[in-house]
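Kindly produce the complete structure, drawing on both the sequences and the hints.
2 protein chains.
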Amino acid sequence: MSNGSIQRVRTVDEIYFIPGRPFSCMRDAYLVGAGQSAYGAFPEESYRSLFRTAFDAAVDSVPDEFDADEIDEAFIGTLGVGGRQLGLSGPAVTEHVGLDGVPCTRVENACAASGFAVRQAVQAVKSGMADVALAGGFEVMTDMSSDATKYWLGVSGETEWERLSGTTFSGVYAQMASAHMNEYGTTREQLSRVAVKNHANGAKNPHAQLGFECSLEDAQSAPVVADPLNLYHCCPTSDGAACALIVSEDVVDDYTDDPIRVAGVGAGSDSVGLFQRDTYTGVPASRRAAETAYEMADIDPADLDFAEVHDCFAIAELLAYEDLGFCEPGEAGDLIESGATELGGDLPVNTSGGLKSKGHPIGATGAGQVVEAFKQLSGKAGERQVETPTRGLTHNVGGSGGAAVVHVFERQQEVSAR
Amino acid sequence: MSNGSIQRVRTVDEIYFIPGRPFSCMRDAYLVGAGQSAYGAFPEESYRSLFRTAFDAAVDSVPDEFDADEIDEAFIGTLGVGGRQLGLSGPAVTEHVGLDGVPCTRVENACAASGFAVRQAVQAVKSGMADVALAGGFEVMTDMSSDATKYWLGVSGETEWERLSGTTFSGVYAQMASAHMNEYGTTREQLSRVAVKNHANGAKNPHAQLGFECSLEDAQSAPVVADPLNLYHCCPTSDGAACALIVSEDVVDDYTDDPIRVAGVGAGSDSVGLFQRDTYTGVPASRRAAETAYEMADIDPADLDFAEVHDCFAIAELLAYEDLGFCEPGEAGDLIESGATELGGDLPVNTSGGLKSKGHPIGATGAGQVVEAFKQLSGKAGERQVETPTRGLTHNVGGSGGAAVVHVFERQQEVSAR
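Note that the protein sequences, when read in sequence, are chains A and B.
The numbering of the first sequence is my numbering, which starts it at 34 and goes up by one.
The numbering of the second sequence is my numbering, which starts it at 34 and goes up by one.
Bear in mind the hints are in silico, worked out from the structure with no lab data behind them.
Among the hints, erroneous ones may be present.
Pairs count within a copy or across copies, as identical chains cannot be separated in the list.
Claimed, not checked - In silico SDA-like cross-links for lysine to any residue, where the CA-CA straight-line distance does not exceed 20 Å: (1) K183 to G115; (2) K413 to V95; (3) K237 to G377; (4) K183 to R117; (5) K237 to S198; (6) K237 to D286; (7) K183 to D105; (8) K183 to G412; (9) K183 to G116.
Being a predicted model, the structure only gives us computed values, none of them experimental.
Pasting the structure below:
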């Protein structure tokens with residue numbers, strides 16, 4: 034495939050896809066606001082102050098008036114890198130923004146922590162137990178040595194056979210990249226094109242940590258981190274926070290007359306250790322999450338106008354193309370080369386800059402993807418705006434694929450207009 | 034109050050109770066099975082093998098046939114003591130029992146981790162996104178030095194002003210005990226009576242870690258841990274796991290003809306640091322959680338037949354009596370003396386032995402309380418069985434009250450019969 038069009042994967046291996054039960058969701062959930070801090074290295078900030086920035090930005094982004102006292106429940110994602118407040122780190126940030134009293138639950142699925150926090154906020158709203166739910170996340174990662182960072186990233190990998198034997202996250206993804214190159218002929222240049230595209234987008238995002246463009250030559254000639262992955266094939270470590278506000282259909286009209294519906298939600302899990310999976314060239318948890326979300330939203334990947342996918346390493350974005358059904362297995366290298374996933378292409382991917390250029394403060398990443406979806410669907414993405422999008426997808430992966438979560442957001446005015 | 038009867042607290046300080054919105058929950062959730070490992074020190078076990086034991090016990094406890102393949106979603110509570118698998122520790126145990134693929138989310142609110150996991154399972158079922166949800170928890174705490182244990186418990190306390198200045202959990206609860214003694218005349222003997230009662234119950238529970246009786250003299254003469262709390266006023270550190278199975282009203286008939294409804298669910302949060310609260314003689318998060326759960330269940334505390342409350346320290350059980358409305362503020366000392374909360378009293382509390390005698394493997398505790406509720410309501414509590422109970426409550430606290438969650442379980446056959 035090289036013409037840049039998007040096809041649905043018709044068949045998902047039975048072994049990875051556990052067919053969902055029929056959806057009987059009774060109440061719709063809507064995204065009415067989302068905001069984030071800048072991502073980067075901020076020695077003068079704390080996890081609480083970063084969270085405050087994101088929370089205020091989310092509250093301010095709601096089109097109509099929004100009073101924080103209307104929040105019924107909160108879900109906060111963080112891995113707790115650094116260990117400074119490992120327990121009760123959810124209430125530790127919600128009390129800081131004046132929400133003490135409101136039920137708050139910390140959610141953790143490694144790098145998918147706040148993607149799952151968003152999912153929990155949706156469940157809380159759909160359950161009828163909350164009308165207004167906050168989903169947020171944060172991480173502070175740049176205030177420690179690189180050895181300490183390696184430890185904290187490692188705790189999301191499999192302990193006994195991966196971390197304790199010295200396998201790093203770059204090492205795990207390097208194994209996936211090698212397998213994909215061997216099986217499908219994917220090239221280093223195709224990996225580098227992911228970096229070039231995402232830096233081009235991130236250069237248009239004032240919140241991006243590495244908000245500069247890079248050339249294919251830059252990306253190709255960077256020093257090796259874990260062969261075949263080089264520095265430009267790896268995301269940075271980051272500080273940052275992000276928040277999203279999810280409300281029920283019963284109250285959405287109080288907050289906006291341009292509602293964005295959470296049309297699809299899907300999640301999957303898998304063996305935490307890569308070595309225990311049957312495939313290195315795909316992430317079964319992502320496939321399951323995407324299939325479920327598409328089924329709930331009653332759409333195909335072709336119905337999407339943009340996507341924020343989990344590109345912790347360049348190979349992860351290529352795997353996402355295939356797992357999310359943007360192309361057939363093995364064709365992701367062609368798809369990035371075709372330009373279809375660039376701004377202006379058929380399906381722009383990681384318009385925010387992605388984890389690669391925008392940054393990856395672990396616990397903030399999933400909610401931060403939702404911030405970009407909100408901006409795009411609200412027409413507030415500035416220089417990187419996709420033209421009048423109807424639907425966007427977010428895709429957040431924990432570890433090397435031990436968990437994954439996918440959301441489909443849909444602008445109702447555009448749905449009606451089409 | 035000294036007649037052993039149970040009264041509702043009529044007024045909850047406005048400052049602590051944020052009135053809930055009307056409940057519009059659309060689908061009922063039911064508890065159809067629950068099981069646990071023994072609690073204790075098990076050097077030959079791992080967190081995975083303990084979880085397997087609890088999972089199998091929960092599956093076996095379902096009255097009609099239950100196939101683990103029917104589980105749609107899982108929520109796993111753990112603090113991650115020891116740090117061996119801090120990230121993705123939910124999927125790490127669900128893959129071990131053959132549930133890889135099924136969405137799994139780790140939930141953490143310190144010692145209330147799996148109480149909140151049960152709450153999330155209820156929300157998932159009520160949301161319509163799952164028909165069968167697993168809620169579980171685990172912790173391994175006995176394989177490290179006491180200094181390391183102190184660190185891991187400390188991370189659930191407030192970091193900057195409590196943990197880093199040397200305040201331990203026993204120290205925090207000792208401050209609450211001192212305040213209660215000063216304000217209400219509560220005595221050390223009343224604290225010791227909590228231990229005597231809970232050990233009497235735990236001696237009847239084959240899963241209890243400290244399953245022996247203790248006399249009032251034993252409890253009174255134990256060495257001081259943090260004045261005024263002595264060794265018998267403190268729960269042990271423990272290894273263990275527990276699981277509960279929550280299903281929707283649409284499928285409950287497939288699993289039992291004696292359904293136990295999750296009639297009420299409530300939660301609250303608060304400042305993580307005790308020093309930032311306006312009161313030391315109560316836990317506002319517990320009050321809010323209880324008020325919400327009673328309102329949803331449309332009951333008063335007088336309608337309860339038993340309760341499992343969070344007695345990490347003896348003072349915590351006395352605070353719970355007041356926060357949950359079993360007596361007026363300041364009267365908990367009289368209530369324990371009256372015998373009303375003993376087996377055979379008006380409202381037996383901690384029939385399992387509680388955290389004090391049964392044990393407190395942090396992440397397992399909340400789900401473990403639900404195991405006792407299930408046993409009591411199913412008539413399977415053996416020597417500690419309460420006579421034909423209709424309703425039971427579980428109450429799980431994170432840290433010194435940064436989070437709390439309350440559930441009310443109701444046996445439908447008894448409700449109809451009354």
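Structure-based check of all given hints:
For the homomeric pair K183 and G115, the shortest alpha-carbon distances inside one copy (11 Å) and between copies (17 Å) are both at most 20 Å. In this assembly of identical chains, K413 and V95 lie within 20 Å of each other by CA distance solely inside one copy; the values are 12 Å within and 52 Å between copies. In this assembly of identical chains, K237 and G377 lie within 20 Å of each other by CA distance solely inside one copy; the values are 14 Å within and 70 Å between copies. Taking the shortest alpha-carbon separations for K183 and R117, both the intra-copy value of 16 Å and the inter-copy value of 14 Å come in at or below 20 Å.
For the identical chains of this complex, K237 and S198 are neighbours neither inside a copy (40 Å) nor across copies (45 Å), given an alpha-carbon limit of 20 Å. In this assembly of identical chains, K237 and D286 lie within 20 Å of each other by CA distance neither inside one copy nor across copies; the values are 32 Å within and 56 Å between. Proximity of K183 to D105 under the C-alpha cut-off of 20 Å is found in neither arrangement, the shortest distances being 37 Å within a copy and 34 Å between copies. Neither within a single protomer nor between protomers do K183 and G412 lie at most 20 Å apart by alpha-carbon distance, with minima of 38 Å and 51 Å respectively.
Proximity of K183 to G116 under the C-alpha cut-off of 20 Å is found in both arrangements, the shortest distances being 13 Å within a copy and 14 Å between copies.
Checked against the numbered hints given earlier, the structure breaks hints 5, 6, 7, 8 and satisfies all the rest.
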